[in-house]
Amino acid sequence: MTALSRPATLQAPPPPAPASDAEVLSGAEIVVRALLDQGVTTLFGYPGGAVLPIYDALFHEPRLRHVLVRHEQAAAHAAEGYARSTGRAGVVLVTSGPGATNTVTGIVDALMDSVPLVVITGQVPTHLIGSDAFQECDTVGITRTCTKHNVLVKDVRDLASALHEAFRIATTGRPGPVLVDIPKDVQFAQGPYLRPDQVRPTHGYRPRRRAEPSKVAQAVEMLAEAKRPIFYTGGGVINAGPQASAALRAFARETGAPVTSTLLGLGAFPASDPQWLGMVGMHGAYEANHAMHDCDVMVAIGARFDDRVTGRIDAFSPGSRKIHIDIDPSSIGKVVRTEAGLVGDAGEVTAQLLELWRARGGADLARLKPWWRRIEGWRSRNGFGYRPSAEEIKPQHAIQRLAALTRGRDVRISTEVGQHQMWAAQFFPFEEPNRWMTSGGLGTMGYGLPAAIGVQVAHPESLVIDIAGEASIQMNIQELATALQHRLPVKVFILNNQWMGMVRQWQSLLHGGRYSHSYSESLPDFVKLAEAYGALGLRAERPEALDDAIRRMIDHPGPVVLDCHVSKDENCFPMIPSGKAHNEMLLGEDGGELSQAIDPAGRRLV
Amino acid sequence: MSETPLSAYDLAHADAPERRATFAVIVDNEPGVLHRVVGLFAARGYNIESLTVAETDHALHTSRITVVTRGTDQILDQIRAQLEKTVVVREVAEVGRDPEAIERELALVKVRGSGAERVEALRVSEIFRARVIDTTHESFIFEVTGAPAKIDKFEALMRPLGLVEVARTGVLSIHRGAERR
Chain A
1 MTALSRPATL
11 QAPPPPAPAS
21 DAEVLSGAEI
31 VVRALLDQGV
41 TTLFGYPGGA
51 VLPIYDALFH
61 EPRLRHVLVR
71 HEQAAAHAAE
81 GYARSTGRAG
91 VVLVTSGPGA
101 TNTVTGIVDA
111 LMDSVPLVVI
121 TGQVPTHLIG
131 SDAFQECDTV
141 GITRTCTKHN
151 VLVKDVRDLA
161 SALHEAFRIA
171 TTGRPGPVLV
181 DIPKDVQFAQ
191 GPYLRPDQVR
201 PTHGYRPRRR
211 AEPSKVAQAV
221 EMLAEAKRPI
231 FYTGGGVINA
241 GPQASAALRA
251 FARETGAPVT
261 STLLGLGAFP
271 ASDPQWLGMV
281 GMHGAYEANH
291 AMHDCDVMVA
301 IGARFDDRVT
311 GRIDAFSPGS
321 RKIHIDIDPS
331 SIGKVVRTEA
341 GLVGDAGEVT
351 AQLLELWRAR
361 GGADLARLKP
371 WWRRIEGWRS
381 RNGFGYRPSA
391 EEIKPQHAIQ
401 RLAALTRGRD
411 VRISTEVGQH
421 QMWAAQFFPF
431 EEPNRWMTSG
441 GLGTMGYGLP
451 AAIGVQVAHP
461 ESLVIDIAGE
471 ASIQMNIQEL
481 ATALQHRLPV
491 KVFILNNQWM
501 GMVRQWQSLL
511 HGGRYSHSYS
521 ESLPDFVKLA
531 EAYGALGLRA
541 ERPEALDDAI
551 RRMIDHPGPV
561 VLDCHVSKDE
571 NCFPMIPSGK
581 AHNEMLLGED
591 GGELSQAIDP
601 AGRRLV
Chain B
1 MSETPLSAYD
11 LAHADAPERR
21 ATFAVIVDNE
31 PGVLHRVVGL
41 FAARGYNIES
51 LTVAETDHAL
61 HTSRITVVTR
71 GTDQILDQIR
81 AQLEKTVVVR
91 EVAEVGRDPE
101 AIERELALVK
111 VRGSGAERVE
121 ALRVSEIFRA
131 RVIDTTHESF
141 IFEVTGAPAK
151 IDKFEALMRP
161 LGLVEVARTG
171 VLSIHRGAER
181 R
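As they're listed, the protein sequences go chains A and B.
For the record, in the first sequence the residue sitting at position 577 is 577 according to the numbering used here, with numbers rising by one throughout.
For the record, in the second sequence the residue sitting at position 22 is 22 according to the numbering used here, with numbers rising by one throughout.
Worth double-checking, as some hints may not be accurate.
[Unchecked claim] Each computed EDC-like pair below joins lysine to aspartate or glutamate, with the alpha-carbon atoms no more than 20 Å apart:
| # | chain 1 | residue 1 | chain 2 | residue 2 |
| --- | --- | --- | --- | --- |
| 1 | A | K154 | A | E136 |
| 2 | B | K150 | B | E100 |
| 3 | A | K334 | B | D73 |
| 4 | A | K334 | B | E120 |
| 5 | A | K154 | B | E84 |
| 6 | A | K369 | A | E254 |
| 7 | B | K110 | B | E155 |
| 8 | A | K334 | B | D28 |
| 9 | B | K85 | A | D328 |
| 10 | A | K568 | A | E584 |
| 11 | A | K334 | B | E84 |
| 12 | A | K215 | B | D77 |
| 13 | B | K110 | B | E120 |
| 14 | B | K85 | A | E355 |
| 15 | B | K85 | A | E212 |
| 16 | B | K153 | B | E103 |
| 17 | A | K568 | A | E544 |
| 18 | B | K110 | B | E138 |
| 19 | B | K85 | B | E30 |
| 20 | A | K334 | B | D77 |
| 21 | A | K154 | B | E18 |
| 22 | A | K334 | B | E94 |
| 23 | A | K215 | A | E355 |
| 24 | A | K154 | A | D185 |
Bear in mind the hints are in silico, worked out from the structure with no lab data behind them.
Sequences are here, hints too, so could you generate the full structure?
Written as structure tokens, this is what we have:
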């Protein structure tokens with residue numbers, strides 16, 4: 001095709017003139033320089049044969065802090081924790097083959113929860129690619145469907161722009177993981193270094209930040225006419241930065257509407273605010289789910305109508321018209337029909353709405369009084385109620401005491417996945433964004449400890465607590481060594497009921513109480529385990545010992561594992577059983593009828 | 001399956017009619033790009049009825065993927081949005097619905113027969129302006145081009161006349177007029 005002459009319109013733009021003053025560096029040095037120019041201060045990684053040149057370049061670079069993990073999966077989760085608590089990209093550096101494949105769970109986790117990561121993987125030298133070389137795998141092939149974008153850099157001249165593009169793509173639009181695979185010979189080769197401002201985007205990727213004015217006007221009118229409005233906010237508000245939370249708070253105040261949030265959106269709106277309804281969804285607040293069901297206008301901001309939120313889709317908020325603000329156009333209309341779809345950044349679009357709302361002079365807040373009266377009625381049901389005990393530590397009580405005893409401190413919480421995660425979401429109040437790190441979309445057990453490590457690296461002064469279960473924590477317990485090595489005083493607060501509690505809860509709901517392989521017959525002594533790693537190990541077995549143990553955990557200057565023995569048979573309520581609507585929640589007091597709660601159709605659902 | 005969808009897993013848009021759609025997808029011509037597009041269809045459970053791909057602009061390093069798919073309007077909107085979200089995708093156009101767009105496909109059709117059927121096959125091929133590109137005493141291979149519906153029709157007419165085998169290229173598309181789209 002090269003010989004064909006083409007009309008002028010088909011001419012390509014001239015290739016970027018190779019800056020004659022471009023500095024020539026080795027590929028490994030280009031990686032380090034690009035990280036510095038991107039403002040990176042911290043990376044999480046594990047060395048190996050195919051990344052040794054980059055590690056060599058790091059050896060003389062005091063401006064980059066490398067946190068050595070004990071398993072590459074943990075590097076990805078730690079980078080997620082770092083990213084979620086700072087809003088900046090988390091950076092991972094691992095070797096080829098098993099180094100790369102071990103990060104896959106973390107990469108998928110980041111994709112599902114829209115966390116910006118830049119993952120740099122070493123690769124075997126280009127001439128060995130495809131030969132089944134030692135520690136070779138098709139990293140870009142394996143990660144193609146679980147990254148926002150990925151690239152194999154086969155020419156050192158493309159390396160700097162690939163890295164800068166990786167940061168741009170990871171952190172803009174709907175954030176996500178981007179992987180750059182660099183063969184070892186490319187790390188050794190000499191090539192020109194381009195600064196971020198010298199890079200021309202090679203792709204047509206240009207996310208939209210502001211919504212169409214006509215849609216904004218439509219949304220404002222819908223909201224002004226609403227008698228039973230609700231804000232349903234999600235992780236997109238957190239991702240859009242602190243100014244998005246500020247815009248949400250202002251807009252909620254001026255519109256007078258109640259606010260609920262997904263699991264990932266907690267903290268965007270303060271839990272102490274009277275307009276806060278609590279979390280929505282399968283284990284969400286009674287008042288939040290009822291208000292979602294009965295509202296007439298729903299404003300979804302940076303939330304994606306996940307099945308854990310909607311429950312039964314044909315019974316989901318049947319009487320409402322929906323406004324959906326999302327930076328990802330494919331999220332709009334994917335699950336539910338939307339009357340007004342506003343594509344843009346959660347913060348900027350909320351600010352657009354607020355501006356127009358003020359310009360039209362707001363709306364009469366008195367019209368919402370009947371709505372608030374109904375909400376107060378739901379609130380009075382105390383949906384999070386549980387039976388207290390003087391004999392054993394109730395897991396809900398443990399979270400409440402943890403919240404009470406850490407109040408006033410700069411606390412950041414991560415979790416593993418399961419019942420403890422839901423209790424943490426229900427009972428730990430968050431006032432600010434970026435304080436809550438949990439694996440929502442993928443539901444990754446083993447997320448919490450490495451995530452806490454990433455958070456603590458970014459916030460050395462914060463009190464960082466991983467609220468864990470005894471099953472989840474064992475999936476990445478080896479990271480205690482990372483915490484010790486890097487003097488990161490993370491606290492692991494284990495709600496130990498000896499069961500995979502959420503599995504047991506579902507087995508009692510769906511499988512006649514046949515608890516197939518959900519009981520851990522053998523558990524480590526977590527106190528001795530902590531001590532073996534050099535951390536402080538504590539145990540609380542009785543309610544009266546709980547407060548002291550929590551205080552000792554908080555006051556200890558280093559990493560702590562607190563093994564908190566809780567009731568073995570406690571279930572997580574309220575619960576929207578599979579196949580039911582938001583107004584058909586099970587409450588704790590109905591707990592006896594668990595086995596009849598789900599009909600055969602619901603049993604097929606996940 | 002139950003009558004009504006219970007959760008997002010049962011998102012049955014069964015009440016909405018399905019239709020066929022042709023998307024022209026302009027992509028950066030780089031390694032793995034076809035896998036990205038095809039993988040998206042596979043991962044999200046969309047159908048591919050036909051697929052053509054080739055580099056179309058060497059200087060700009062772009063390729064054109066024409067993919068024929070089927071779904072409800074909601075699914076087709078999703079396909080479009082998911083394609084547009086892919087970093088290597090520059091542009092997505094639904095050409096099937098655009099009167100300014102032209103779709104063409106080429107088919108090779110092998111027909112075996114004798115006597116009156118053989119004569120009839122040849123007569124039909126003339127009506128369709130098909131070319132005979134190979135013949136034996138008992139068979140023809142026709143080459144026919146046109147919109148996919150025309151090829152379908154040609155196939156249908158040849159079936160009772162001894163149709164043996166069909167090879168189709170899949171759909172190509174382009175916009176009318178002097179402008180580049």
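Hint by hint, here is what the structure shows:
1. At roughly 15 Å between alpha-carbon atoms, K154(A) and E136(A) fall within 20 Å of each other, so this suggested pair holds.
2. Using a Cα cut-off of 20 Å, the hinted pair K150(B) and E100(B) holds, with the two alpha carbons roughly 18 Å apart.
3. Between K334(A) and D73(B) the CA atoms are separated by roughly 11 Å; this keeps the pair inside 20 Å, and the hint holds.
4. Under the criterion of a C-alpha separation no larger than 20 Å, the hint pairing K334(A) with E120(B) is inconsistent with the structure, at around 50 Å.
5. A threshold of 20 Å between alpha carbons decides the hint, and for K154(A) with E84(B) the separation of about 26 Å lies outside it, so the pair is violated.
6. Distance restraint check for K369(A) and E254(A): the Cα-Cα separation of roughly 14 Å lies within the 20 Å cut-off, and the hinted pair is therefore satisfied.
7. Simply put, K110(B) and E155(B) have alpha-carbon atoms about 10 Å apart, close enough for the 20 Å limit, and the pair holds.
8. Straight-line distance between C-alpha atoms of K334(A) and D28(B) comes to about 26 Å, which puts the hinted pair past the 20 Å bound.
9. Between the alpha carbons of K85(B) and D328(A) the distance comes to roughly 8 Å, so the proposed pair stays at or under 20 Å and holds.
10. Under the criterion of a C-alpha separation no larger than 20 Å, the hint pairing K568(A) with E584(A) is inconsistent with the structure, at around 26 Å.
11. Simply put, K334(A) and E84(B) have alpha-carbon atoms about 14 Å apart, close enough for the 20 Å limit, and the pair holds.
12. Among the hinted pairs, K215(A) with D77(B) is consistent with the structure: their alpha-carbon atoms are about 18 Å apart, no more than 20 Å.
13. Pair hint K110(B) plus E120(B) holds up; C-alpha atoms about 14 Å apart against a cutoff of 20 Å.
14. The suggested pairing of K85(B) with E355(A) is violated, with an alpha-carbon distance near 29 Å, which exceeds 20 Å.
15. Pair hint K85(B) plus E212(A) holds up; C-alpha atoms about 18 Å apart against a cutoff of 20 Å.
16. Of the supplied pair hints, the one linking K153(B) and E103(B) holds, its CA atoms being roughly 15 Å apart against a limit of 20 Å.
17. Annotation: proposed proximity of K568(A) to E544(A) holds, straight-line Cα distance about 18 Å (limit 20 Å).
18. This hinted pair checks out: K110(B) and E138(B) have alpha carbons roughly 11 Å apart, not beyond 20 Å.
19. Our distance criterion of 20 Å between C-alpha atoms is met by K85(B) and E30(B), whose separation comes to about 17 Å.
20. For the proposed pair K334(A) and D77(B), the alpha carbon gap of about 9 Å is at most 20 Å, so the pair holds.
21. Our distance criterion of 20 Å between C-alpha atoms is broken by K154(A) and E18(B), whose separation comes to about 43 Å.
22. This hinted pair checks out: K334(A) and E94(B) have alpha carbons roughly 19 Å apart, not beyond 20 Å.
23. With a C-alpha separation of about 14 Å, the suggested pair K215(A) and E355(A) falls inside the 20 Å cut-off, and the hint holds.
24. As the CA atoms of K154(A) and D185(A) are separated by approximately 9 Å, the hinted pair is consistent with the 20 Å bound.
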